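Colleague: In full-length UniProt numbering, the protein residues as written are 1 to 152.
The set of hints was computed from the structure by calculation and includes no laboratory data. Computed from a predicted structure; not experimentally measured. Backbone N, C-alpha and C fix where the C-beta goes; we use that ideal spot for every residue, glycine too. The reader is advised that the hints may include incorrect statements.
Here are the in silico distance ranges between beta carbons for each label pair [stated by the list, open to error]:
{"no.": "1", "residue 1": "G68", "residue 2": "A104", "range": "31 to 41 Å"}
{"no.": "2", "residue 1": "G51", "residue 2": "A24", "range": "23 to 33 Å"}
{"no.": "3", "residue 1": "R46", "residue 2": "A116", "range": "16 to 26 Å"}
{"no.": "4", "residue 1": "G31", "residue 2": "A98", "range": "27 to 37 Å"}
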Amino acid sequence: MGRLGRGWLLMLALFAVTPLQAQAIQAMLGGHSFQLELVADPDSRRQGLMGRTDLAAGEGMLFDFPEGTRPVIWMRNMQISLDLLFVDENARLVQIFAKVPPCAAPPCALYQADQALRFVIEVPPGTAEKLGLEVGDRLDLADHQLSPPPPY
């Protein structure tokens with residue numbers, strides 16, 4: 001293979017292992033503003049914040065799930081603790097798991113809502129308590145229109 005062919009192969013390999021930047025959206029929850037990375041496809045949802053070593057205040061990740069889903073969240077291979085905020089299809093906060101620790105090796109604790117969800121939001125640990133977030137708070141995605149996510 002010539003130099004040009006090897007160069008293209010290297011570029012393709014680098015592209016294949018470089019994560020795509022998730023779409024960032026502005027959201028309000030309980031009157032507080034968040035900059036959230038939107039993940040809506042199965043691979044992005046599986047990856048989540050795995051491998052991240054920090055998450056700034058006011059930032060987080062918004063997992064968008066198909067209608068009727070009761071997702072199970074675990075903290076396997078996470079480097080940081082998180083607050084998990086579960087939001088239903090009516091954009092209401094229905095459950096908070098605060099200061100969830102990472103899990104280095106199975107068995108890992110599983111976190112699942114008692115009802116179907118549309119979103120799970122992961123934010124820095126202690127955020128829910130610090131901001132006074134409560135069950136019933138409404139998620140507002142401003143002008144961002146979400147299409148139905150792909151199937152799980």
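Colleague: Does each hint fit the structure? Answer for all of them.
Modeller: Outcome of the hint check:
The supplied range of 31 to 41 Å is met by G68 and A104, whose beta-carbon atoms lie about 33 Å from each other. Taking the beta carbon of each, G51 and A24 are about 18 Å apart, not inside 23 to 33 Å as hinted. For R46 and A116, the Cβ-Cβ distance of about 20 Å falls inside the hinted range of 16 to 26 Å, so the restraint holds. A C-beta distance of roughly 19 Å is found between G31 and A98, which places it outside the suggested range of 27 to 37 Å.
Violated hints for the displayed structure, listed by number in ascending order: 2, 4.
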